[in-house]
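Chains as they are written, first to last, in full-length UniProt numbering: chain E, 1 to 755; chain X, 1 to 755.
Keep in mind that the hints are not guaranteed to be accurate.
[Stated by the list, open to error] Capping the alpha-carbon separation at 30 Å, the derived lysine-lysine pairs in DSS-like fashion look like this: (1) E:Lys596 - X:Lys578; (2) X:Lys596 - E:Lys578; (3) E:Lys475 - X:Lys596; (4) X:Lys589 - E:Lys475; (5) X:Lys589 - X:Lys665; (6) E:Lys596 - X:Lys475.
I should point out that these hints are in silico values taken from the structure, not numbers from a laboratory.
Number of protein chains: 2
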Amino acid sequence: MIRSFHPSRSIAATAILLLTAITAWAQESTQVSPPYGFIGAHGEQQRALERRVDAGIESADLDGWLKRLTSAPNHIGSIHNKENADYIASQFRQFGWDTRVETFRVLVAYPDRQKFELLGEHPYAANFTEPAVEGDPDTTQRKDVLPGMEAYSADGDVSAPLIYVNQGLTADYDELARTGLDVKGKIVLVRSSGAGRWVKPRLAEKHGAVGIVIFSDPGEDGYVKGDVYPQGAWRTPRTIQRGTLGIDDTLDARAGARIQAQKKLPGQSIPVVTIGYGDAEVFLRALGGPQVPSRWQGGLPFAYHIGGSGARAHLAVTSDWHWETLYNVIATLRGSDEPDQWVLRGVHHDAWVFGAWDPLAGTTAMLAEAKAIGELYRQGVKPRRTLVFASWDGEELGILGSRAWTDKHADELRRKAVFYLNNDTTSRGFLSAAGAPALARLIGGVAADVRDPETGASVENRLRAKLAVASGEGKGPDPANDLPLSPLGTGSDFVAFTHHLGIPSLHVRYGYDRDGDEQSVPVYHSLYDSYTHYQRFGDPGLKYIDALAKTDARVVLRVANADLLPWRYTDQANVLGKDIDALQAYNRKLGEQARKHNALLDSHAYALAAVSWRGQTEPGRLEDDVPVIDLSALRDAQRRFADSAQAYDRAYASYEDTGTSAGTKTLRRANDALRQVEPALLGEGLSGRPWYRHLLAAPSLKEGYEVSTLPAIRDALDQRKWSDARTAVTRTAQAVEEASRRLAAATDALRPDTR
Amino acid sequence: MIRSFHPSRSIAATAILLLTAITAWAQESTQVSPPYGFIGAHGEQQRALERRVDAGIESADLDGWLKRLTSAPNHIGSIHNKENADYIASQFRQFGWDTRVETFRVLVAYPDRQKFELLGEHPYAANFTEPAVEGDPDTTQRKDVLPGMEAYSADGDVSAPLIYVNQGLTADYDELARTGLDVKGKIVLVRSSGAGRWVKPRLAEKHGAVGIVIFSDPGEDGYVKGDVYPQGAWRTPRTIQRGTLGIDDTLDARAGARIQAQKKLPGQSIPVVTIGYGDAEVFLRALGGPQVPSRWQGGLPFAYHIGGSGARAHLAVTSDWHWETLYNVIATLRGSDEPDQWVLRGVHHDAWVFGAWDPLAGTTAMLAEAKAIGELYRQGVKPRRTLVFASWDGEELGILGSRAWTDKHADELRRKAVFYLNNDTTSRGFLSAAGAPALARLIGGVAADVRDPETGASVENRLRAKLAVASGEGKGPDPANDLPLSPLGTGSDFVAFTHHLGIPSLHVRYGYDRDGDEQSVPVYHSLYDSYTHYQRFGDPGLKYIDALAKTDARVVLRVANADLLPWRYTDQANVLGKDIDALQAYNRKLGEQARKHNALLDSHAYALAAVSWRGQTEPGRLEDDVPVIDLSALRDAQRRFADSAQAYDRAYASYEDTGTSAGTKTLRRANDALRQVEPALLGEGLSGRPWYRHLLAAPSLKEGYEVSTLPAIRDALDQRKWSDARTAVTRTAQAVEEASRRLAAATDALRPDTR
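One chain only, chain E, in its complex shape (with noise of 0.2 Å):
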């Protein structure tokens, strides 16, 4: 998993799904309703099939998998990734699946030297390594581990003065400005939080830094939030997060010569290093210059200054910018009556080292899902449409795997896949899903059938619990409703899916910490992320590994088997009118914020307010002639949708109880205006990005959030294009039109004179 930002997400932010009232959580659940879906006898056949599944869920098998696949390093170019695609590629075999490795060439670039030194009376250089653990024997492997290091990075060799700029994100360059320094010509340091990695080498060189060091601070995954490895699950002084600066299109494969003769990314021309809290102390401690504004200071043991002056370092970094192998394990079970409908279902294999929790816990759950599922194909139980599994290679290096292969597979896919499921880190605890808001009510309807190990009751009963306890008011949201999805950003296997074709797509995963955050990874990217701990602290006995694998199989299946996909469009069309409301607001908030702060600079307020014996100035002036853009198209077509969805709705009622006698011809015609609902949201892709197509939601262009909604007008406003901005309101809006259309489409099909 690449993870795009910051651990601490609200719980808000972390939404999800469920269905029954709050009274019955407690209780044993107890089903009445088809799956959604499903129609007459055919949901409790389906049901009936899902516990056979779970039968064939054995949990010998998991440990077995488990303690395997994390045997060795995992990342591109190891001896052991390219073993376990073969091995899973065998066990697909084995459970019946029809399996083929398929093969990518990629650039990689790992570094070959690196070093970071404190200059001066008092030398101190970073130790790119990791010491083994006691009780964990996997952490005594040195065969093949790569070191603490940040893939992609650019080649340099520079001596300057180091500066410390808390996350190096914008906001954190313009307060640097208002004590008058920067970071011109310095090699900067900053923490690993608050955005995506290769969102900061980008930042530090735009800003005129020669090199940047990312360090993990204890206040954001070491000391501060538990004991440490090995006592506890979190990050010790010397444990390094590895990443990658490779992301989004920059490692297209056309692109990828050019790269390499360069050796550098797209506006990454810097060197680039990543250290644990314990050697980040030395160098931290060494800064001179003002004291860092409260919430600059970090976890360690005294108060960080800025420097910018007197401290030196010497950052040095070479690589071998050279071509891999990726290999991609796809395994496909024929469906029985729609062969070309295809189900996909992903977790990558790669891993920095050996990647328990990220992503083998996942890879884990798809083989459990994989042989229960060949064992019932072989007895003859087979899905309506086509599965279609795949291990993906080189996700750490930038999503590379399933990139390509959706790439090379495009126009396939674009008439084939129905619908993609995606799984990466997971752990126990809550279950957490985010998706494309059409599938709320498919995965709120697998939640109430699945039983959480740790309580016994459904996994949605639980996850509502937590919601009701979190939101302060005494109760959760609406049973009567389907609880919304969190909307799709970057940093997993699904994003081509999602962003690129449009197919409606589903991230889930288990997981919390101490703080209710299901992201987190204690030890993430780290040598740490073994069995061992897994078996200590993400999961122990692998008992979540099993409530995913049933999760997962539910998912799949119910999808495979549906009379009616599962997608609920009255849901999106909530989504919508709320994406609406929030974008307007920021609309209206960014030119207003500007007048505030630009009316407290007139008022010289700033000026007085400042505390000058710590070298504050004022900041400086904001644009404020900010348009309210005109969104009036747009919610006109949410509501025309809206409408739409509740015709289907009604449709879907009143179909379901006349049953099945209208046969498949109405159905089939019915899926297949379903499936185009979806697409019909793709645009000719985003300014500056034409990769991503989705006109709903994109990773978020701003730092810091994972997800931007309404991305094609939401970018104009932050680039200030207004033409632009009134420009994609218009084409957001046919987009919701044209989806309105397919959708009446599938409602025409159900209806009776029609069928």
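Starting from the known structure of chain E, arrange chain X on it as the hints suggest.
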């Protein structure tokens, strides 16, 4: 200064005052209207007088006084504290003031033996002395330096398991209970923040603890805030925060003999010590048991645990309970026109050790005012009302000196006292004032006339700038209105004046820290609160002591010379209206929160959302049958009070227009009536603490809050005495009605036909 709670307060809670328009901030203040309370030419005469006082304040004096006063330890019973009292008295005499030293005998308990030791394999003993610091010669002194300790600790000698309970507040004990642990028979270790320290031993005892250790966490005033002394201002690992457990009326002279016999304060029977974070680290690291909830984690560099099993400690305290003499210096300048109207102004002179920040910077300001005013007096420029300046003793042990003096002179004060101005700690920064709401215009007008040393703007304009920046609104509060004052809680010598006697009181200081908190004294109650520390970090050059003296002198001289006492009751009526709204909201919330909490219990949400492997259990049930008390009588009274205040404002304006011709008799009648308004707001004393009589504000009964507004009603709500709450509404309303009638008498006096 006895700090009653944690230094991190919101800016909003540290409110204040001001007058002129936002656009005038950076410009020279060109005040044209006379100071509030002065008619016609008297205003300009007053301003001319103030300029002469300013000229009499000499910077060399300030430095000499501060250096001398802080040259040795100054606690009650120390040699130098007595010397300071004598010196201050001699200075007042030299300045021409009629001066006497009034002595009182008070019960004192300092420990003569303290032990806090970790038992077991790695024994360790806490250190109660603070080492000398390079560059600060005072810190080498040992003679007469009190150890780190809590005065009035009960004697005790216990060996018991050690347990960490965060800040030791009720919410912490509730949270502890959810882990299945308790403090019965244990020694509790708590952070010093969150509430007055005297609260913590009583709560610990109530929950069954046999001892308590209070420590300074570096997250609150150590390295997390800034560099530690001597590199920076903040607490070192061995900086200890002394304090007193004697607060409120526990040390009433009449109770002294009984307390001495028992060697313990009421409700406080367990031994208590205080330690620095260097020692705390050793004990905290030794704790086993579950990891703490995340909000309990502090700034030390490891994951805190609760303990409760495993680590045991030995805690022993024996104190010498004996009687000491307090020396209050009382200096008077007889008023020319109204000698029996007293304008009082005080600051204490005792300190925990040297006491540069707390309180001798304030004492230095008072000496400067006294000298300048005395010089004018000698030249025949006499205040119209009598000035009474007081240098209090024994504040740190429980506000003993001012309480004893006001107790002795209560009858005379009821007849003569017009006003009380208090200082305590002060440093460079923003003006900060708290007090009776009717004084907002007085301090606002003064603030407009005093120049800020750092920016050259008026201190009022600088404060307004800060509030504007903090507001996020692009501007501060409406410049047409007086900014409301914070209400007075506890923690300094104003308590008897405002809460017991109902004398309009004002508490003034300057200050800030990195987070904009005006209350912060970085080395609060430690050895390092020294002259050197103050000159380096408190107020280099003592320019803000100079500004404070100019502020104070204006305040007392404006009250002393005003034609009409500068109380503005429309401000008080507005504050009361808001306080009633807040009380009503509080009342509703009490019930709503309990009902929401119980709904979560009923639906098993807490149980399902709990993380069982962290040992979390369900919380207990809350009493949710909370009636909404009818406040309409109080609202009616507030409306009449507002009407009465507006009528007075109109009469004042009309009187101002017609000039001073009406003469002394009219003014005396009006002033006599004005003086009766605030005392009308006293009741018979709050339930369970009869010494507190003010019905509109009192120190809060609840931990973590400094001030409670409408305390008679609020106390009853907190104690769930609904019938008492209704009675308190009636009594508070009657007091407000009486205040309205008295204010109407002042209005009557000013009416042309009655003059």
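inquiry  = Are any of the numbered hints broken by this structure? If so, which, sorted upward?
reply    = Per hint list: single violation, 5.
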